[in-house]
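S.K.: Using the sequences and the hints, build the whole thing.
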Amino acid sequence: MAAIFNLNHHASYVHWHFIQLSVSNVIVIVLMLIVFAAAIFLPFPHHRDSEELS
Amino acid sequence: MSVHAKRTWTGAVRDRAVSALPPEKLLADKQPSYVASWIYVFGVLSLSSLAVIILSGSILALKGPGWWHFTGVGHFFNSIHLWSVELFFFFMVIHLWGKYWMAAWRGGRARVWITGAVTFLVAIPCALTGYVSQQNFDSQWISTQAKDAINASGLGAFFNLLNFGQMYSYHVLLLPAAVVALVIAHVLLVRNHGVVPPFRLADKLPAVAEPATVDGGAAGPEASS
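So the sequence lines, in the order shown, correspond to chains A and B. First residue of the first sequence? That's 1 in the working numbering, and the numbers climb one at a time after it. First residue of the second sequence? That's 1 in the working numbering, and the numbers climb one at a time after it.
By construction, these hints were calculated from the structure, which means they are not laboratory data. Predicted, not measured: the structure shown is a model, and the values here were computed from it. Possibly wrong hints are sitting among the right ones.
Unchecked claim - Partner residues are not named here, just some residues of chain B that face chain A (Cβ under 8 angstroms, in silico): (1) Ile39; (2) Ser58; (3) Ala61; (4) Phe90; (5) Phe120; (6) Leu121; (7) Ile124; (8) Phe137.
Using N, Cα and C, we set each Cβ at its ideal position, and we do this for glycine too.
M.R.: Listed below in structure tokens is the structure:
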């Protein structure tokens with residue numbers, strides 16, 4: 001990761017009223033929301049024998 | 001030979017276990033059709049991450065801090081351990097969200113929900129004790145900062161974050177054993193009760209007055225087809 005991103009500095013923060021989150025945590029939270037939404041809406045691949053499911 | 005078998009505790013345990021989890025339930029080869037959705041995948045992704053955590057952690061414990069800090073392979077396994085923990089929490093949170101919104105405690109599944117929620121809570125200190133077990137300046141900084149918060153909460157009466165031996169024992173034995181035991185109980189309860197079904201759509205739709213037919217009766221399925 002350090003080869004891709006310059007980590008040699010203080011962490012950046014998002015500050016809104018009493019809420020303070022590091023940018024890295026915000027990225028992880030947003031990623032989780034995106035994956036959650038994708039898991040709900042993306043179609044699940046079906047096999048030919050899926051009719052056997054009760 | 002008596003026709004009445006002698007009642008033993010091993011036989012009673014076996015009968016109860018087989019009754020609760022017959023082989024077709026314990027190792028099911030078919031699942032209900034509603035399980036064919038990506039949201040049902042995150043439980044097993046969490047389990048897979050946990051397996052990688054236990055395996056990489058066992059190798060780290062076997063080789064020791066000199067290996068994980070100062071060799072290339074040691075760095076690699078150290079990173080595998082860290083990122084499998086990151087993925088474990090990532091997948092577990094999405095699993096939690098999915099189960100929360102489908103009210104997975106329905107149908108007598110309260111213990112399934114409780115064991116899952118407690119696993120999440122126990123996994124947090126399990127991961128945090130890993131931060132203070134690294135044996136570097138990072139772990140020294142974290143432990144000296146965290147001990148003030150723990151002492152302020154009163155929990156410092158029970159353990160000391162500056163006691164490396166205690167924190168390392170918590171991290172490699174007590175808390176992982178608790179997490180694995182809870183996960184085993186959780187999975188067995190899921191096998192016993194089955195995967196929670198989605199809400200019935202008909203229960204969520206507003207009631208619609210059925211159109212009247214020519215003869216004044218309500219149009220049933222036969223009338224519309």
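S.K.: Take the shortest C-beta to C-beta distance between B/Leu121 and chain A; is it under 8 angstroms?
M.R.: Result: violated, 18 angstroms to nearest chain A Cβ.
S.K.: With 8 angstroms as the cut and Cβ atoms as the points, is B/Phe90 at the interface with chain A?
M.R.: holds, 6 angstroms
S.K.: Would the stated hint for B/Ala61 survive a check requiring a Cβ distance to chain A of less than 8 angstroms?
M.R.: violated, 24 angstroms
S.K.: The hint names B/Phe120 as touching chain A; please verify it with the least Cβ-Cβ distance against 8 angstroms.
M.R.: violated, 14 angstroms
S.K.: Does the closest beta carbon of chain A sit nearer than 8 angstroms to the beta carbon of B/Ile39?
M.R.: At about 4 angstroms, which falls below the 8 angstroms cut-off, the nearest Cβ of chain A leaves the hint on B/Ile39 intact, so it holds.
S.K.: Would you check whether B/Ile124 satisfies its interface hint, that is, whether its CB is within less than 8 angstroms of any CB in chain A?
M.R.: violated, 15 angstroms
S.K.: Tell me if the interface restraint on B/Ser58 is satisfied: Cβ within less than 8 angstroms of some Cβ in chain A.
M.R.: violated, 24 angstroms
S.K.: Go through the hint on B/Phe137 and say holds or violated, using the shortest Cβ distance to chain A against 8 angstroms.
M.R.: violated, 15 angstroms
Violated hints, in rising order: 2, 3, 5, 6, 7 and 8; the structure is consistent with all others.
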